[in-house]
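J.: Given next are the chains, with one letter for each unit.
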Amino acid sequence: MQQRRTDAARDARTEGISRPGFFARLLRKKVAFVGLSMLIVVSLAAICAPWLAPNDPLEQTRPRALESSSRDYLLGTDHLGRCVLSRGIYGARISLMVGMFVVLFRILIGVPAGLVAGFYGGKFDSLIMRVTDVFISFPGILLAIAFMAVWGPGIWNVVMALSVVGWPQYARLVRGEVLSVKEEEFVEAGRALGLSDSQLIFRHLLPNVATVIIVYGTLGLAAPIVSEAALSFLGLGTQPPAVSWGRMLSEGRRYLHVAPGIATFPGLTITITVMAFNLFGDGLRDVLDPRQRH
Amino acid sequence: MSAYLGSRVLQMIPTLLGISVLVFLLINMTPGCPAMLMLGEYASPSEVQRLRTIMGLDDPVGVRYFRWLADIITGDWGESYIDRRAVLPALLSRLPATAELVVASMVISAGIGIVVGVISAVHQDSWLDNVVRAVSFLGISMPNFWVGIMLILLLSLHLRLLPASGRYGLGNLVMPAIALGTSGMAVVARMTRSTMLEIVGLDYIRTARAKGISERRVLYKHALRPAMTSILTVMGMLMGFRLGGSVIIETVFAWPGIGRFAYLRMMERDYPMIMGNLLIFATFFCTINLLVDVLYAVVDPRVRYE
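So the sequence lines, in the order shown, correspond to chains A and B.
Mapping the first sequence onto my numbering, position 177 (from 1) lands on 177, and the numbers just tick up by one.
Mapping the second sequence onto my numbering, position 297 (from 1) lands on 297, and the numbers just tick up by one.
Extracted from the complex, chain B is given alone in its bound form:
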């Protein structure tokens, strides 16, 4: 297991290097020069040239990439063009808010999605099943930012139950977490339903029932556990959508996380912050994929890693 873990972590390195190349090229192939951006439009050409020399912008792209990469690895992620703040601490300080939101939305997606999916499978083709299927189709098709706006309209403006923006208490977390979790909930419900339908038809479930085990125990202990492998896969895939979705949902609810920060800094073309942001998101995502693979072994004891 630990050997497998080690080799997987090593496998991440080429991907992370590729990510760094893409991020660097994206920012460095853009028109407009960072020195000009930092000095403002009234700077004289000689001032711009001096800053260009200091920043090493006249060096070849390859040299600049490796210098940047060395800085990144040693923890020096540069400073903002806008407010001169150090990039890495600024990003890390906003990570907990996003983690909180993402975890809350995962809990909503998994908790409700799995239960609803099991109920739907047990009552296959009943009216309940049909309602669940129709609602999950709707859930998959609604854009998350619209769900957020409709929640604000209903729960904040009409019923005055929840605050519409900011991060001051648990009440603030409810709406963004639902908005971010809705589509995932629908996907998990569909996946759980179809997997459960396959498993419930298998012989060992009939044996379990014949032994006189209670139906609840048969479903949640004997049938759901093997179904968890595919549910986990889906949850892992959904993480990517969630991280991307957090950019928009955090903007809608003024949630002070790294997603909204990324958006604000992108609007201002704060390139060091943008690069740092992209790196953090991609690293986060790769790590989650790794964790999903490891969780397979926990959930399904048949999975053995060499």
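Chain A with its partners taken away, still in its complex shape:
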């Protein structure tokens, strides 16, 4: 009897995803539909880059450097005679990869911390919250730059730096959710049934906060993409031969007067990708978590 009530309570909370017609409701939201379509385009560009790109993104044809649009090079060439369009298409790979890994690691660190803080309260809670206070006191990108300066450039260092800098937001978010969920009857019921703490936390609390994690995880994909571009723009992010939009921007900046396209195009691709995640995330939030609509 109690078990069934527990299940019912859980169903009521996770209705968002499990209820049939979730995708239909999501796609009826215009913003979510537009965002999803843009995301599919960017993801396809990343996956199919070798087939889509008209040229090798790394091939240098020095005599043809800084050319404007032509039939060989639709968006012209950069200072080393590389195809700007092909580099833009390949750049989607780094951006999406960094975005996904950073959010994954932020969740892997932040969610358990938030669960423990919210569930146990007391000393655990105040310790974890003070630690998040410290991290949140820094402008994230500044701390990431400091990590990169110390660890040296490279894509995995970018992922680690951005993950370390960003996990506290997830911890705080999850803690807040747990604080309201743990007062509910089904948690008490679980305790009465003699469930262990870890069973309660991972089997019963976690599914109840999953919706929020999914919504903010999706919205949170945009920020690391911009941060990676910023770090690469400053020369601290990914290193060649990896093709990064941020790096293209910083290289193109020097040739702004002769070939403005080199710096314009990667900025557009970053904007489109970020906008796609923001639109899709907003739509997802409206459908899954209508309380938070703002």
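The hints are simulated quantities; they were obtained by calculation from the structure and are not laboratory data.
By construction, the Cβ of each residue, glycine as well, lies at the ideal position given by its N, Cα and C atoms.
Be careful, since some hints might not be right.
As the list claims (entries may be wrong) - To spell it out: a stretch of chain A is covered by chain B in this simulated footprint if at least three of its residues, at any positions, have a beta carbon under 8 Å from a beta carbon of chain B; those stretches are: (1) 134-143; (2) 222-230; (3) 256-265; (4) 273-283.
What the hints assert, rightly or not - Some chain A residues close to chain B (C-beta under 7 Å, calculated; not the full set): (5) A149; (6) V150; (7) R191; (8) F233; (9) I270.
Position chain B against the provided structure of chain A, taking the given hints into account.
T.: Just chain B now, with coordinates in the frame of chain A:
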């Protein structure tokens, strides 16, 4: 009020201590030894060892942390590994340029964002509203350094209206302030719009209108003031982004502030300067959060602090 202020300042202390621990660990867990960095790669091992002893680098981490912390508290922030300049004066001398930039970008964000947000809310679902919403979505999604580069391309290279770099006059401030303020402007506009839409539907606004007060007065005096609380919260949160953004924007426009300085010194691994820089930024940020909390009471008289 003053009691509240006092307790808030006291609450900052554990956070600041935590910040100092993080900064110290970040720099001291790095491979490579500062003595070697200072003496250059041709130094002999015995020279390096001597400097290590002088600098106390062989002491346990805990001892070094507390010695460093004592120095920081007494105002001795060390000297640069690169040019031997004292850290604290070097940082403080660059603070006004950054403050100028941040304040200018705040003015742009708040001034334009609030007005646009109110207009958008008043004309809800009109074409104007739709344009504002689309543009603010774009504003949130554009990376600020790209906005900066596009401004240089348009206003400096094409129209030759504004200088692209340096800090020589008011003309230099315009582009970096816009680049740094764009995303904030968009966020403020969205926040103002949604808050105003909630408030305009309330009874007391209908009463105010029924009394025959002019629409402008109803909006800007009766509706906007309660909306300011949430706008202020957003502005406070945006400060963090701005301080971080200043590092990149100052680099793009060669703005001689503390952000660009931080970047340049990080590239050279000038550890005392990096540590000082991080401490200044974090302290600055904590202070702003405190000010936002205090401003709540000014804006919203219902907020009373015990």
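J.: If any of the earlier hints don't hold here, list their numbers in rising order.
T.: 7
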